[in-house]
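Start counting the sequence shown at 1; every next residue gets the next number (full-length UniProt numbering).
Among the hints, erroneous ones may be present.
Unchecked claim - The following label-pair restraints were derived from C-beta to C-beta distances:
| # | residue 1 | residue 2 | range |
| --- | --- | --- | --- |
| 1 | Leu167 | Glu128 | 33 to 39 Å |
| 2 | Pro156 | Ala124 | 20 to 26 Å |
| 3 | Pro268 | Arg168 | 29 to 35 Å |
| 4 | Arg63 | Glu176 | 34 to 40 Å |
| 5 | Gln54 | Val18 | 25 to 31 Å |
Keep in mind the hints are simulated off the structure, nothing from the lab. The beta carbon of each residue, even a glycine, is placed where N, CA and C say it ideally should be.
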Amino acid sequence: MTGDIQALLARHLPGYRVRSVRRLGTGLDNYVSEVNDELLVRRSRVSEPRKTRQEVARLAAVRELSPLPVPEVVFADDESGAIAYRKLAGTPLNLLEGSPSLRPRELARPLGGFLSAIHGAEPARMEELAPRDAYPMPTLLQDAELDYRDVERHVPVDQRPLVERFLRQHPPAEPELTRFCHNDLGAEHLLVDADGATITGVIDWTDAAITDPAHDFALIYRDLGPEIFELTVSCYEFEVTEEDRARILFHARCALIEDLAYGLSIGPRHYADAALAHLERTFA
Numbered sequence: 001m002t003g004d005i006q007a008l009l010a011r012h013l014p015g016y017r018v019r020s021v022r023r024l025g026t027g028l029d030n031y032v033s034e035v036n037d038e039l040l041v042r043r044s045r046v047s048e049p050r051k052t053r054q055e056v057a058r059l060a061a062v063r064e065l066s067p068l069p070v071p072e073v074v075f076a077d078d079e080s081g082a083i084a085y086r087k088l089a090g091t092p093l094n095l096l097e098g099s100p101s102l103r104p105r106e107l108a109r110p111l112g113g114f115l116s117a118i119h120g121a122e123p124a125r126m127e128e129l130a131p132r133d134a135y136p137m138p139t140l141l142q143d144a145e146l147d148y149r150d151v152e153r154h155v156p157v158d159q160r161p162l163v164e165r166f167l168r169q170h171p172p173a174e175p176e177l178t179r180f181c182h183n184d185l186g187a188e189h190l191l192v193d194a195d196g197a198t199i200t201g202v203i204d205w206t207d208a209a210i211t212d213p214a215h216d217f218a219l220i221y222r223d224l225g226p227e228i229f230e231l232t233v234s235c236y237e238f239e240v241t242e243e244d245r246a247r248i249l250f251h252a253r254c255a256l257i258e259d260l261a262y263g264l265s266i267g268p269r270h271y272a273d274a275a276l277a278h279l280e281r282t283f284a
């Protein structure tokens, strides 16, 4: 693996001296390595040149839109499906949960401004840079129930009725409006400074799509809680209706069940731990 990374860097950054290569993580579709504590190289398991070029163009557009720092592409390699970025400063927000230095209320205003800018992107322009994601609500609910049955035994007995009541409900109506969204705005993709009060970056745009903005708000609700969600909405320039809120809560609950199942099967355990920690407030 180190040899592959060195070969990529030699091809695209001739003369660049590689002092260290460290594997950071492995996902379902990609794996990421850190080079010299300054570059991140993400490689796809399956090379899809068109998707690689689309992501590079999408990140360029996002850098123009976003008031918060986002990854800057250093080079892309269509053949291997690799993209190298400059490493952004900061620590993933999920790693600071419970830290006395974390000040989540300070994050609401920049999050609201960020979502206003991203969701306000011209749809016609972003259609060329991101796919449409229109997964039907009833299917999402069915998937959530299947995931829950796989992990039900890990849920505290007194909290199971909260989840099961949700699974018996009818899903909300489909959204009337779609916008360009990050579409995976979990705490692990928000970088913050050592004080936990300043967002230093928004990372991992591989799932960005034209979809329901409720997806972005849902993960704020799930990971940061109802209070920070409400503060973020108060700093958002578009109207959030009661119908929007119903979809946000629906997606937050489905996403929590999905993370619980993922963390208890093939994913890192911390996904499951966070899901269990946030379950009661998300389903109450």
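- Query: What are the numbers of the hints that this structure violates, sorted from low to high?
  - Reply: 2, 4
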